[in-house]
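Undergrad: So the sequence lines, in the order shown, correspond to chains A and B. Read the first sequence against the UniProt record's numbering and you will find it ends at 286, with the numbers running on by one and no gaps. Read the second sequence against the UniProt record's numbering and you will find it ends at 286, with the numbers running on by one and no gaps.
A few of these clues could be false.
No copy labels: a pair is met if it fits in one copy or bridges any two.
Derived pair list, reagent style BS3-like, types lysine-lysine, alpha-carbon separation capped at 27 Å [as the list claims (entries may be wrong)]:
| no. | residue 1 | residue 2 |
| --- | --- | --- |
| 1 | Lys208 | Lys52 |
| 2 | Lys86 | Lys208 |
| 3 | Lys219 | Lys58 |
| 4 | Lys86 | Lys58 |
| 5 | Lys52 | Lys219 |
| 6 | Lys219 | Lys61 |
| 7 | Lys61 | Lys86 |
| 8 | Lys208 | Lys238 |
| 9 | Lys52 | Lys238 |
| 10 | Lys86 | Lys52 |
| 11 | Lys58 | Lys238 |
| 12 | Lys86 | Lys238 |
| 13 | Lys238 | Lys61 |
| 14 | Lys58 | Lys208 |
By construction, these hints were calculated from the structure, which means they are not laboratory data.
Protein chains: 2
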Amino acid sequence: MPAGPLAIVAGAGRFPLEVAEAATANGYHVRLVGIAGSADPEIERFPHVWVKLGELGKLYKQLHAWECQDLVIVGAVTRPHMSEIKFDIGALSSLPDLTRLLKGGDDGVLGGIVSFLEARGYRVHGILDVAPDLAAREGRLGAVPVDASAERLITYGADLLTALAPFDVGQGAVVMDGRAIAVEGIEGTDAMLERVAALRASGRLRVKGRIGVLVKAPKRGQNMKVDLPTIGVRTIEKALEAQLAGIAIAAQGVLIADRASTVRAADEGGLFLYGMPSKARGLDRS
Amino acid sequence: MPAGPLAIVAGAGRFPLEVAEAATANGYHVRLVGIAGSADPEIERFPHVWVKLGELGKLYKQLHAWECQDLVIVGAVTRPHMSEIKFDIGALSSLPDLTRLLKGGDDGVLGGIVSFLEARGYRVHGILDVAPDLAAREGRLGAVPVDASAERLITYGADLLTALAPFDVGQGAVVMDGRAIAVEGIEGTDAMLERVAALRASGRLRVKGRIGVLVKAPKRGQNMKVDLPTIGVRTIEKALEAQLAGIAIAAQGVLIADRASTVRAADEGGLFLYGMPSKARGLDRS
Numbered sequence: 001m002p003a004g005p006l007a008i009v010a011g012a013g014r015f016p017l018e019v020a021e022a023a024t025a026n027g028y029h030v031r032l033v034g035i036a037g038s039a040d041p042e043i044e045r046f047p048h049v050w051v052k053l054g055e056l057g058k059l060y061k062q063l064h065a066w067e068c069q070d071l072v073i074v075g076a077v078t079r080p081h082m083s084e085i086k087f088d089i090g091a092l093s094s095l096p097d098l099t100r101l102l103k104g105g106d107d108g109v110l111g112g113i114v115s116f117l118e119a120r121g122y123r124v125h126g127i128l129d130v131a132p133d134l135a136a137r138e139g140r141l142g143a144v145p146v147d148a149s150a151e152r153l154i155t156y157g158a159d160l161l162t163a164l165a166p167f168d169v170g171q172g173a174v175v176m177d178g179r180a181i182a183v184e185g186i187e188g189t190d191a192m193l194e195r196v197a198a199l200r201a202s203g204r205l206r207v208k209g210r211i212g213v214l215v216k217a218p219k220r221g222q223n224m225k226v227d228l229p230t231i232g233v234r235t236i237e238k239a240l241e242a243q244l245a246g247i248a249i250a251a252q253g254v255l256i257a258d259r260a261s262t263v264r265a266a267d268e269g270g271l272f273l274y275g276m277p278s279k280a281r282g283l284d285r286s
Numbered sequence: 001m002p003a004g005p006l007a008i009v010a011g012a013g014r015f016p017l018e019v020a021e022a023a024t025a026n027g028y029h030v031r032l033v034g035i036a037g038s039a040d041p042e043i044e045r046f047p048h049v050w051v052k053l054g055e056l057g058k059l060y061k062q063l064h065a066w067e068c069q070d071l072v073i074v075g076a077v078t079r080p081h082m083s084e085i086k087f088d089i090g091a092l093s094s095l096p097d098l099t100r101l102l103k104g105g106d107d108g109v110l111g112g113i114v115s116f117l118e119a120r121g122y123r124v125h126g127i128l129d130v131a132p133d134l135a136a137r138e139g140r141l142g143a144v145p146v147d148a149s150a151e152r153l154i155t156y157g158a159d160l161l162t163a164l165a166p167f168d169v170g171q172g173a174v175v176m177d178g179r180a181i182a183v184e185g186i187e188g189t190d191a192m193l194e195r196v197a198a199l200r201a202s203g204r205l206r207v208k209g210r211i212g213v214l215v216k217a218p219k220r221g222q223n224m225k226v227d228l229p230t231i232g233v234r235t236i237e238k239a240l241e242a243q244l245a246g247i248a249i250a251a252q253g254v255l256i257a258d259r260a261s262t263v264r265a266a267d268e269g270g271l272f273l274y275g276m277p278s279k280a281r282g283l284d285r286s
């Protein structure tokens, strides 16, 4: 628990608000930093500031005014083109670092932002540090039980993700009938689930009824401070459109956004939700 | 070289015709078995018969009339529903085996067809056995050279495919900048390349110029008699639409359909074509 307040740098989506609420419940005094054009306007419920990309001077100044040295970064940020960013005067001294940073891969950018801020004396925390309740627990997470055939499939999918873990690639897959139907790249989990739905609709994937499991886990070495894999209501909706039987996510490694609604949506859809223990994910074998 | 003629069971596409030509050039006396609704009408250039799915009796009878005991299966076959197949009287004795066969995965079906035919006394050969020239050689296959950065990327991609090889999943990926952009599932290579093109067009993947490599290799244990991974002109077109720098395929493991046109299309598009030796594919490490 920091001495001063905790700044939550808020990208797109409702999730920054949930983290703010959970951290508040855990005793943190939160301040929201809304990325203009990305963050939900509702962040204004909390003490806040809006900054545009590049307004580092404004950010430093506000953090100083708040006497805040602790940050969490939450929500999706699309990698910007340098040309889209207007740097303010306070950002100029950091420009060489920033330029280098923005040229990296997606992971490079996010990891780079952490290093960049830490080099300037800030402490960057992971979402799980300030709001551990938001992570998946082990075992059954909703009302729908996991049957024995799904357990075997989860193990198969977990092994597949473990094999992919050393590579910089999206850590999700849809497995079915002892094979992988789809593997997630940078398109993301929702797009992968849409693909499975389309493969079924087109007859390219000919299976009947509710079948298959979405498995999802962090990459090995994934920067858990900025880039936690997350599922939410939309994931449930997409999994139902793909007519899957369930979703298995790495316990303590995948966040459930808007947990109550997400679990309710899974329950109502008859979809199982399961938190894979590390052992099932093969992590103790690596 | 069989004593009698070689029957080529022709599914969709031009490739069965190429195999027929290459096998003929290699001294085989070929007979074409066109799967009605799938095979190219041009198979009629060769001695041939048309059979519908399920007309096993007709197939057995024709093979007997041709005094043919050697087969090659070429071309895509979509897994049929049992209800779409009309079995003829000659198929009835085989029906229990067929039912079991059609319930397997894609690999299961194809591998099952081979076992099914072999159990009935036929010899099923791989395309590479009768037309070895159709496989990719090692090294540069077209006019465009592979530069050093692409070599590193090819190794990265080959390692990724090696990691995926134990799983029943499409063995292709698009790698770029030290990361995997897309991994192939059952949607196939063309659809994966379309996805990369769409990710670029939408700005979700922000890279400039010709960059990235399609890597493609057989699965470990892939049934090389029926299910050889193949590239062709369409693969080149899709790779160009995705603005890739090149294509790396497993030497002796991936077929090049319509080689002259395929290599010409790659050369004209400035795309490199490279045959990965087994070592680069990490196969000697498994």
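Undergrad: Does each hint hold? Answer for all of them.
TA: Hint by hint, here is what the structure shows:
In the homo-oligomer, the alpha carbons of lysine 208 and lysine 52 lie at most 27 Å apart only across protomers (24 Å), although the nearest pairing inside one protomer, at 49 Å, exceeds that limit. For the homomeric pair lysine 86 and lysine 208, the shortest alpha-carbon distance between copies (21 Å) is at most 27 Å, but the shortest distance inside one copy (53 Å) is not. In this assembly of identical chains, the alpha carbons of lysine 219 and lysine 58 never lie at most 27 Å apart, being 34 Å within a copy and 53 Å across copies at closest. Proximity of lysine 86 and lysine 58 under a CA criterion of 27 Å is satisfied intra-copy only: 12 Å inside one chain copy versus 73 Å between copies.
Proximity of lysine 52 and lysine 219 under a CA criterion of 27 Å is satisfied in neither setting, with 30 Å inside one chain copy and 47 Å between copies. For a Cα distance limit of 27 Å, the shortest separation of lysine 219 from lysine 61 qualifies neither inside one copy, at 35 Å, nor across copies, at 56 Å. For the homomeric pair lysine 61 and lysine 86, the shortest alpha-carbon distance inside one copy (17 Å) is at most 27 Å, but the shortest distance between copies (77 Å) is not. Taking the closest pair of Cα atoms, lysine 208 and lysine 238 come within 27 Å of each other only inside a single copy of the chain (17 Å); across copies the shortest separation is 31 Å, beyond that limit.
For a Cα distance limit of 27 Å, the shortest separation of lysine 52 from lysine 238 qualifies neither inside one copy, at 32 Å, nor across copies, at 38 Å. Taking the shortest alpha-carbon separations for lysine 86 and lysine 52, only the intra-copy value of 8 Å comes in at or below 27 Å, while the best inter-copy value is 65 Å. In this assembly of identical chains, the alpha carbons of lysine 58 and lysine 238 never lie at most 27 Å apart, being 39 Å within a copy and 45 Å across copies at closest. For the homomeric pair lysine 86 and lysine 238, neither the shortest alpha-carbon distance inside one copy (37 Å) nor that between copies (36 Å) is at most 27 Å.
For a Cα distance limit of 27 Å, the shortest separation of lysine 238 from lysine 61 qualifies neither inside one copy, at 42 Å, nor across copies, at 49 Å. Proximity of lysine 58 to lysine 208 under the C-alpha cut-off of 27 Å is found in neither arrangement, the shortest distances being 56 Å within a copy and 31 Å between copies.
Consistency with the previously given hints fails for numbers 3, 5, 6, 9, 11, 12, 13 and 14, ordered from lowest to highest.
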